[in-house]
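Chemist: Dock chain L with the ligands against the given chain Y, drawing on the hints supplied.
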Amino acid sequence: MLQTTANRQLDILQRLDNLVQRYGKHSSTLIPMLQEIQNAYRYLPEDLLTHVATALDLSPATVYGVATFYAQFSLEPKGKYVIQVCDGTACHVRGSMPVYEAICKKVRLVDGKATTEDGMFTVETVSCVGACAAAPVVTINGEVYGKVTPDAIHVILDTLESRGDTADA
Amino acid sequence: MGIMTINGQRTTFSDENNVLEVIRNAGIDLPTFCYHSELSVYGACRMCMVEVEGWGTVAACHTPPEDGLVIRTNSAELRHVRKVSLELLLANHERECTTCSRSGSCKLQDLAQRFGIEHIRFGQRDRKSPIDASSPSLVRDPNKCILCGDCVRMCEEVQGIGVLDFAHRGSQITVSPAFGKDLGDVECVNCGQCAAICPTGALTVKSQTERAWRAIHDPDTTVVVQIAPAVRVSIGEEFNLASGQSVTGQIAAALRIMGVDYVFDTSFTADLTVLEETHELLGRLQNQEPLPHFTSCCPAWVKFVEQYYPEFLDNLSTCRSPQQMFGSLAKHRYSQDLGISADNMYVISVMPCTAKKFEAQRDEFQQSSRADVDLVLTTQELARMIREEGLAFEHLEPTSMDMPFGFATGAGVIFGVTGGVSEAVLRHAHEEITGRQPQPKAFEAVRGNDGTRRVDLKIGEQTLRLAVVNGLAQATELLERIKSGEESIDVLEVMACPGGCIGGAGQPIANNRQQTQERRSNGLYREDKTLQLHQSKQNPMVRDVYQRWLGEPGSAKSHALLHTHYGSRRRIQGESMDIASSKKPAAVEVQVCVGTSCYLKGSLKLLRTLTDQVEAADLTENVKLRGAFCCQQCASGPMVIVGDDVVSGVTPGHVPDLLQRIREQLELPVS
Ligand code: SF4
Ligand code: SF4
Ligand code: FES
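Same order as they appear, the protein sequences are chains Y and L.
Residue numbering for the first sequence follows my numbering, beginning at 302 and increasing consecutively.
Residue numbering for the second sequence follows my numbering, beginning at 17 and increasing consecutively.
The following block holds chain Y by itself, in its conformation from the complex (with noise of 0.2 Å):
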């Protein structure tokens, strides 16, 4: 388990170089650097922006600016599922919100924070995911579900709880 940790660690530092290697020491190379970090982590801690900033002779402060512009990017720790219900014109009219409420009332969401205390669900909503027809969607780590209802996603959520630690990116 120790050991995974740090190689992980040291991997995204080697997969960082390598970029910078390929790449150059370029403004440009900077989003595909923080690309490589938000898939590993599924957010962009500070540390390895700081070294991000570094690496590519940028200010910290640019660094910060580019990650916090993009919505693909997320400066904070999500949880082990990241449940997003998309809100696009389609879902919207087809009753997205109520799920929504229905799914951080389930996970206990509370005061407009997106990811749970012990770290399990992040909830966000999404605009199109692309599949309207099935509205409305919710994708649940990136797997897609259909004509989901409040009552729907109660089974869904209680399905992963039970598959355990199966779903860890």
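Just so you know, these hints were derived from the structure itself, not from any lab.
On a predicted model such as this, the values are computed, not experimentally measured, just so you know.
The beta carbon of each residue, even a glycine, is placed where N, CA and C say it ideally should be.
Please note that the accuracy of each hint is not assured.
[Unchecked claim] Derived list of chain L stretches under chain Y, where covered just means 3 residues or more per stretch with a C-beta under 8 Å from a C-beta of chain Y: (1) 131 to 143; (2) 623 to 635.
[Unchecked claim] Pairs of lysine-lysine, DSBU-like flavour, derived with a Cα cap of 35 Å: (3) Y:326 <-> L:617; (4) L:197 <-> Y:414; (5) Y:326 <-> L:499.
Modeler: What follows is chain L with the ligands alone, placed relative to chain Y:
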């Protein structure tokens, strides 16, 4: 070259960069927030919109001059556009003008007046961000930010640092240091230029006038004030006097009326700096190291070197800045003359500079938890105190400064302008090397206002290669050329602020920055001319100080009182990175630095080797392995910290030695 028609007037133009400059040169004050000739063109504020015949409405700052353009700067449509822009800005702006230190010098307030904005049709913003007062020098109030980006470009383009940038987007957008941290926790060098250029009260000089009043009104405290050279040629601007007009006598008079006990001149300790620094420089030239010799009187530049160029730390002159030399002498020697304890003396500096507030708080300049300089006020703050006292400054009868530290030569006075330190040192070095005083104009080649000035000067047999720099971006460029071997010089003078201290961020806010700087610098050179003495060595009070307290330049006594050493410094306060954490409480913490400098020296490979060998040696359970961001010892990296042991210059080959240390600390049998 060409001719345009502006509001029906034929106007010739020559090399102006854009239509905005042509219009302003024609005497029309076209409003702007985001245009500054020394920064890149941003084009965001839309205040400079004009109508060009055949083109429609364009931003003048973005439009290159062209022969035959027919331009209108004022029409019903343009007034409407400006008013709406202003209204939108005002709706988002915390309009607490009466309690804002920029009231009166705020561009937003000024333009709202000029365009007769009487009510705002849009709702106030509902979000209130906390005020950031973490910096020793500045206060950041995001609620007053109009997102013009002037500060962002100033810090990036002129200082080459980039402390501030836009973050988030849409309605959430802010201008902020990295990770939304406070200014005091990041790499800011406290130059304050961002505040000097901010059109509103979003970035302001931290005001500490109340502390000054408290000390002045305390009957048991002897208040000693020192006035920096650049203050005398600028404070008059706050009282409708011409910039560049020297008002030393009025400042002294005002301070006495306010109740200050002694008024002295920082130019006096500047003279002292000249003697100490020349002595140091000549020694370095003789030993050929470490060269180039860097001046160290600008605290923003010193912090910059600490953070970004640790390999050059030994190049920094060990001389304390004139401000700190003054504090040291006043507290530790002059107090004895007065027969009082240093604890009952309160030293206030009046400086053109916000970074001096930071310098006075540095650990190097505290003795038994009391600071050598208790408080630093900027020119702006002193002006406010004079107004509080209710004095008609411009009508005050000038008085002279007190002795012994009130006497200065012209050499000490020109410290306030870029090139001044060099010129003063050169004058003295000439005398030391040749035994003769130089011609009055011998070293005028170092004057000017280009960002970097490279001159070779012959003194006796010796040729001195000199560079004079203002603006830290320029310094970065030069340092990189020195590192790569493209440039080699003997002496480097750096001042962070444009024009040197006269352009400091504590100075009165200037509308036309370039012109104001020129006038202030002319003022200081004029003062040099009119003073009797131009060689620091001739200052009789300086001689006296050596006779009584210091012996001679470079003596052990002057080292104790007037010199110091600087060390490397981390840029951003933050956490280290977890690589592998054993949960065992007894585990040894091992930190490998992956900060810029160590990273470039291969600390990543080192980290990997170390992890592998820790595992091979079956020590994983006993080690907390972390990647640190800068251990502040960059010059001797890569750095590794094992428990409390700091090991420098570590290569993968040294890993067995590190394991040894880990075992020792764990009190395991050493293999
Ligand atoms: S802080 Fe001042 S200079 Fe910076 S963007 Fe805001 S208003 Fe402009
Ligand atoms: S004070 Fe100087 S270094 Fe600090 S943010 Fe402002 S411009 Fe940048
Ligand atoms: S000055 Fe032209 S847009 Fe701001």
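Chemist: A separate judgement is required for each hint: does it hold in the structure or not?
Modeler: Now the hints, each set against the structure:
Coverage of the region 131 to 143 of chain L by chain Y is violated. Counting CB-CB distances below 8 Å, 0 residues qualify, and the rule asks for three or more. For the region 623 to 635 of chain L, the stated coverage by chain Y is satisfied: 4 residues place a CB nearer than 8 Å to a CB of that chain, which reaches the threshold of 3. Distance check on the hinted pair: residue 326 of chain Y and residue 617 of chain L sit about 16 Å apart at the alpha-carbon level, within 35 Å; holds. Distance check on the hinted pair: residue 197 of chain L and residue 414 of chain Y sit about 21 Å apart at the alpha-carbon level, within 35 Å; holds.
A threshold of 35 Å between alpha carbons decides the hint, and for residue 326 of chain Y with residue 499 of chain L the separation of about 19 Å falls inside it, so the pair holds.
In the structure shown, a violation is registered for the earlier hint numbered 1 alone.
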